[in-house]
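Q: What follows is the residue order along each chain.
Protein chains: 2
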Amino acid sequence: MPEEIKRFIEYFSKIPTLGPRQTTRLAFYLADLPKKDLTNLLKVFQGLENIDQCPQCFFIKKRDENLCRICSDQSRNPYNIAIVEKATDVITFEKIKKFNGNYFILGKLAEKGIVDDELKKRFKKLHNLIDKKLGGRVEEIIIAISPTPIGDFTANLIKKEFGKYTPKISRLGRGLPEGAQLEFTDETTLLFSFEKRDYN
Amino acid sequence: MPEEIKRFIEYFSKIPTLGPRQTTRLAFYLADLPKKDLTNLLKVFQGLENIDQCPQCFFIKKRDENLCRICSDQSRNPYNIAIVEKATDVITFEKIKKFNGNYFILGKLAEKGIVDDELKKRFKKLHNLIDKKLGGRVEEIIIAISPTPIGDFTANLIKKEFGKYTPKISRLGRGLPEGAQLEFTDETTLLFSFEKRDYN
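Chains as they are written, first to last, in my numbering: chain A, 43 to 242; chain B, 43 to 242.
Hints are computed from structural coordinates only; laboratory data are not their basis. Hints may contain errors.
One copy or two, either will do: identical chains are not told apart, so a pair holds if it fits within one copy or between any two.
[Stated by the list, open to error] For lysine-lysine, the following DSSO-like pairs were computed, each having C-alpha atoms within a straight-line distance of at most 27 Å: (1) Lys48 <-> Lys140; (2) Lys48 <-> Lys78; (3) Lys56 <-> Lys77; (4) Lys139 <-> Lys48; (5) Lys78 <-> Lys238.
Extracted from the complex, chain A is given alone in its bound form (with noise of 0.2 Å):
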């Protein structure tokens, strides 16, 4: 193969959401694609130069604004914090339309029950936002984070230090998903489906 396919194939494959075998499908593509065509994806690409992170929450922004479209949106309600793993769960949760506070992006969660470096510096963000930025006390924290081992004990941390700041510190409920089989449901989801059952 050409070294120009080898080497896309070398970067783009070490992306987390492409594996070796799709970005070589994806190479072939964009090789066989019209030049126009590809000098416009070229283009596109480009345009992420201009994105970074939102220095309060974490979610993306461009490059020359201060805050991102959701911290400096002044109709939410920034005492409400929902605290996610990545900026994708924003998206995934703004899609619901029922929630109108902020969110904070953790980056990752406590894997293998190690809380690095980089989430302290996240946890000390978070510290910094509720004490300095809105006076010591919010109305609720959210922690929608994945029902998962990791999810729970992240969750867990995320109480002991933040639970201080407001009554009220929830998670998302669990239960069967929407459309769900029992016949090919685990017993985890059914015994918390079980659990939780509704009476009404």
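Mind docking chain B on chain A? Use the hints.
A: Positioned in the frame of chain A, the structure of chain B alone reads:
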């Protein structure tokens, strides 16, 4: 979302191997990279501008090469031709290290039983290649396209069109894939594996 991200998702999610959800994750991942790493990826991407198609077999080649590295490899036998659907199939086929001939890429199969203009052009190219460059006679044609109804239809077309050039025109063998479990094997596969049972 900043328009740079929206535009990235809009353009890149049209690429067949990428869905909108994966493209969103990809956009966020790339936007969060250190700018140095993003610029590197951009350069690697740009390298694809130096790639085009081999005029003989339609595999990829560097722009300044006349033929791809397979067609220009003198140690290979051009009178043995494997017909494949896609350029990536060449990569897959080369992995078994058993085939020392050349390839010919169709670009598509006769979907819905229709031989459209693009496919007609490829057929014409292959006629030309065999008639003019190879003297109207080849040793073997291996039809290495998928064992699906569309693949079967296309393979029969190829046999009619190109069978006259060679005493040996074959398709890849059908049967149980390695590691298959009978319980989960579809009936068509099972039927083939029964009909092609091996007494050795």
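Q: Tell me the numbers of any earlier hints that the structure contravenes, in ascending order.
A: Hint check: 5 fails alone, others pass.
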